[in-house]
Amino acid sequence: MAELPATPLLDDLEKGPWPSFVTEIKNAALHKDSCKDLLGQLERSYREKIGHWKHGGIVGVLGYGGGVIGRYSDLPKEFPGIAHFHTLRINQPSGWFYTSKALRDICDLWEEHGSGLTNMHGSTGDIILLGTTTDELEPTFKALTDVGFDIGGSGSDVRTPSCCVGPARCEWACYDTLKVCYQLTMDYQDEIHRPMFPYKFKFKMSGCPNDCVASIARSDMSIIGTWRDDIQQDDAAVKEYADKGLNIQRDVVGNCPGQCMEWDGEKLTIDNDLCRRCMHCINAMPKALAPGKDRGATILLGSKAPIVEGALLSSVLIPFLKIDNEEDFKDLQALVEEIWEVWGEEGKNRERVGEFIQRVGMANFLEAIGLEPVAEMVAHPRENPYVFYNQGDDEEEDK
Amino acid sequence: MAEATKRVTDIGPPHYEKFLPEIIKKNYGTWKYHEVLKPGVMVHVGESGDKLFTVRAAGARLMSIYRIREIADLADKYSGGHLRFTSRHNIEFLLTDSANIEPLIAGLKEIGHPIGGIGNSISSIVHTQGWIHCHSAATDASGVVKAVMDEVFPHFEKMDLPGKLRIALACCLNMCGAVHCSDIAILGVHTRPPKTDFATVNKVCEIPNVVASCPTAAIRPVTADGNRTVEVIEEQCMFCANCFTVCPAMPMNDPDTDGISIWVGGKVSNARTEPQFSKLAIPFLPNNPPRWPEVTSAVSNLVELWAANARPFERMGEWIDRITWPRFFKMAGLEFHPEHIDDFKHAGLTYKRSMHLVR
Amino acid sequence: MSDEVSVEEVADAMYKQIADAQGLKKLKPGDVTKMMRELYGDRVDKKLCKLAIRILIESERCVYTYFGGSYIELPPKEGEEK
Chain G
1 MAELPATPLL DDLEKGPWPS FVTEIKNAAL HKDSCKDLLG QLERSYREKI GHWKHGGIVG
61 VLGYGGGVIG RYSDLPKEFP GIAHFHTLRI NQPSGWFYTS KALRDICDLW EEHGSGLTNM
121 HGSTGDIILL GTTTDELEPT FKALTDVGFD IGGSGSDVRT PSCCVGPARC EWACYDTLKV
181 CYQLTMDYQD EIHRPMFPYK FKFKMSGCPN DCVASIARSD MSIIGTWRDD IQQDDAAVKE
241 YADKGLNIQR DVVGNCPGQC MEWDGEKLTI DNDLCRRCMH CINAMPKALA PGKDRGATIL
301 LGSKAPIVEG ALLSSVLIPF LKIDNEEDFK DLQALVEEIW EVWGEEGKNR ERVGEFIQRV
361 GMANFLEAIG LEPVAEMVAH PRENPYVFYN QGDDEEEDK
Chain F
1 MAEATKRVTD IGPPHYEKFL PEIIKKNYGT WKYHEVLKPG VMVHVGESGD KLFTVRAAGA
61 RLMSIYRIRE IADLADKYSG GHLRFTSRHN IEFLLTDSAN IEPLIAGLKE IGHPIGGIGN
121 SISSIVHTQG WIHCHSAATD ASGVVKAVMD EVFPHFEKMD LPGKLRIALA CCLNMCGAVH
181 CSDIAILGVH TRPPKTDFAT VNKVCEIPNV VASCPTAAIR PVTADGNRTV EVIEEQCMFC
241 ANCFTVCPAM PMNDPDTDGI SIWVGGKVSN ARTEPQFSKL AIPFLPNNPP RWPEVTSAVS
301 NLVELWAANA RPFERMGEWI DRITWPRFFK MAGLEFHPEH IDDFKHAGLT YKRSMHLVR
Chain V
1 MSDEVSVEEV ADAMYKQIAD AQGLKKLKPG DVTKMMRELY GDRVDKKLCK LAIRILIESE
61 RCVYTYFGGS YIELPPKEGE EK
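Chains as they are written, first to last, in this note's numbering: chain G, 1 to 399; chain F, 1 to 359; chain V, 1 to 82.
Since the hints were derived computationally from the structure, they do not count as laboratory data.
The beta-carbon is built from N, C-alpha and C at its ideal position, and this holds for glycine as well.
Using 25 Å as the maximum straight-line C-alpha spacing, the simulated BS3-like pairs for lysine-lysine come out as follows: (1) F:K203 x V:K25; (2) G:K287 x F:K32; (3) F:K38 x G:K239; (4) G:K287 x F:K38; (5) V:K25 x G:K348; (6) G:K293 x G:K330; (7) V:K16 x G:K348; (8) G:K287 x F:K51; (9) F:K51 x G:K244; (10) F:K345 x G:K348; (11) G:K54 x V:K28; (12) V:K46 x G:K330; (13) V:K34 x G:K348; (14) F:K6 x V:K47; (15) G:K322 x F:K26; (16) V:K46 x V:K34; (17) F:K109 x F:K77; (18) F:K26 x G:K293; (19) G:K322 x F:K32.
Covered stretches of chain F (in silico footprint by chain V; criterion: 3 or more residues with CB under 8 Å from a CB of chain V, positions within the stretch not fixed): (20) 205 to 216; (21) 234 to 248.
Full structure from sequences and hints, please.
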């Protein structure tokens with residue numbers, strides 16, 4: 001029986017050139033009763049201009065405290081197929097690379113155990129399996145691990161780390177984002193699955209300052225690639241861009257935030273000491289310019305969306321860190337764990353690490369994690385003269 | 001047999017190397033440059049001389065397994081079964097044979113997936129669950145996105161804009177989509193205080209948690225009819241819904257007063273200027289399903305205004321910073337309301353503290 | 001460490017705290033860990049507490065719950081509205 005509910009409002013969203021989510025739900029509804037009820041409830045939401053999902057719910061797979069979002073309809077009598085309609089977050093592979101087989105594996109198990117609806121992908125980066133019943137959670141989890149996948153994070157845990165395409169397909173990748181993403185994910189499985197923090201903690205890895213995964217805006221720890229030697233420059237290729245009509249003076253030199261470039265109509269000269277590594281000139285002439293060869297990453301901390309105390313961008317913690325080998329990686333992890341220790345101990349309920357730093361002060365935070373302050377950490381030094389001068393530890397020294 | 005039924009846990013995701021095509025394994029970390037060949041198609045060239053072609057197609061984010069199988073079929077046919085997704089829900093096919101590009105594009109068109117979103121274009125809208133799956137949504141997500149993308153679609157298919165334009169949508173202030181650094185952010189908002197269910201607060205929530213959840217200290221514990229409960233000082237409530245997040249007895253959703261606000265000028269890229277937050281352009285537009293005409297026309301107007309006036313490479317926020325905000329309001333035909341002036345933390349830093357004013 | 005505390009003993013002590021707090025205060029894993037350190041001093045460390053939590057969860061004596069943040073509580077009835 002493939003009788004779909006009447007959905008005059010939603011039907012309108014099947015028109016137009018952009019791929020339609022309504023068509024997707026309808027396709028699934030031909031096979032799954034739950035999706036019929038989802039269509040029915042959604043049409044009702046469109047009519048009444050209000051959502052029809054209950055608040056939260058306590059479901060999961062045994063042993064894990066994250067990765068499953070309980071969801072119940074507030075109209076279960078009218079829409080019994082979605083009385084329970086829980087979501088699973090599935091940890092995506094680094095860089096969102098798949099083979100058709102891997103996708104089919106996920107499709108097959110979700111056809112058997114769930115609604116057949118997904119998000120490719122959710123905002124944090126996971127594959128989202130949208131809608132199943134409580135008794136299907138364990139079987140779904142078993143089927144997932146059988147094909148080599150695992151559940152991601154939710155709640156007060158390490159959220160599923162995500163990264164840009166990195167060295168797999170980008171000449172600008174200043175470190176191996178896929179590897180660092182994978183390694184952090186594997187090393188922190190316990191922290192992903194078993195919430196133990198004051199609130200969530202997100203990692204995002206971008207290979208260069210273009211920041212394709214919006215790491216600086218939406219991860220507690222932003223790891224963003226950069227370099228510290230000179231921009232690699234191919235003068236002939238620069239000339240070629242000019243010959244093809246790029247206005248190098250106005251659009252490249254004129255947009256340089258460090259004003260560190262000159263163009264005489266033939267040759268581009270860069271004062272690399274004043275280069276801010278913003279990526280603009282490289283973006284404008286990818287065949288002619290490239291990041292330097294001494295590459296690494298800047299570690300920034302603290303970004304988040306508004307809830308609770310207002311939105312924050314991450315700020316610089318380590319201006320330059322090599323992440324090439326195991327040793328480098330251990331340095332990074334030692335830093336991460338030191339931060340968790342301090343924030344885990346002193347952070348208030350639902351306080352993100354960025355908010356925690358705002359509350360206790362960056363200088364105090366640095367002291368607690370054992371990091372020396374450096375000028376790169378601030379946009380500018382303080383303007384206000386109410387200074388907590390260090391009064392020294394004369395007394396202690398007397399002892 | 002206990003051994004046979006042992007649960008497998010903590011295996012993490014599959015190793016990404018399993019999914020990389022040979023050409024990527026071979027040229028990993030040694031790509032030399034890339035070029036956009038035409039809208040939706042680019043080539044990456046390795047130091048080795050190898051060429052990897054990428055075809056980027058629109059995705060709806062919400063996809064059925066039946067659709068994903070069709071996409072997998074196309075990957076099998078044209079890209080050796082290799083594909084990836086982008087951080088903005090696009091689908092990218094990874095081809096080694098340029099002869100497969102056009103047949104793949106034709107195949108995608110046949111199943112309703114246009115290509116584009118590369119270079120100076122509008123890419124897919126990062127968004128959240130909305131009424132499809134969330135309890136705290138102040139608006140739908142997928143429906144608004146579909147309506148807006150239909151409206152601005154020519155800019156997805158063509159690279160006819162001064163620079164990149166990134167739109168994002170979050171259906172409430174929780175901002176699962178972290179939209180707060182987008183050229184145009186579409187944000188679902190509540191505009192009335194919670195309708196506190198006084199009798200049940202104490203049964204379903206912990207009062208200290210509810211009190212602590214409020215960023216403006218507008219919630220205080222009280223006793224009513226012998227019950228411990230909470231009350232909201234309504235003048236102090238700015239409708240963030242954080243209390244509802246920790247306590248179901250503080251519902252916020254309202255069909256008449258929930259709606260959408262529009263924010264502009266944010267970016268995450270460091271190119272030229274530093275990353276910045278989006279700023280409020282339009283405080284409130286009504287929820288008007290199924291196509292949210294007020295929202296689509298507001299977004300479309302902003303896009304066209306920027307497209308007509310920005311310099312090459314200039315993002316929305318860079319353009320507005322150059323022309324100044326008062327001029328932006330004038331050019332966009334937007335009224336300036338009390339809501340545009342910040343009154344939360346550090347609000348004073350957003351006041352105009354100079355004589356740099358244009359005519 | 002003086003006389004050792006077994007992980008089972010810590011788990012039982014945690015369970016008692018969680019049961020006593022049920023309906024009064026939601027406890028986070030970090031909260032029960034702090035309580036155990038108050039109770040046992042340096043005879044317990046974070047690692048042991050983590051293990052004890054895992055025992056409670058995997059034996060289904062306790063469950064993780066979520067209300068804006070993650071907590072540990074006694075198991076509710078399925079579908080029961082909190």
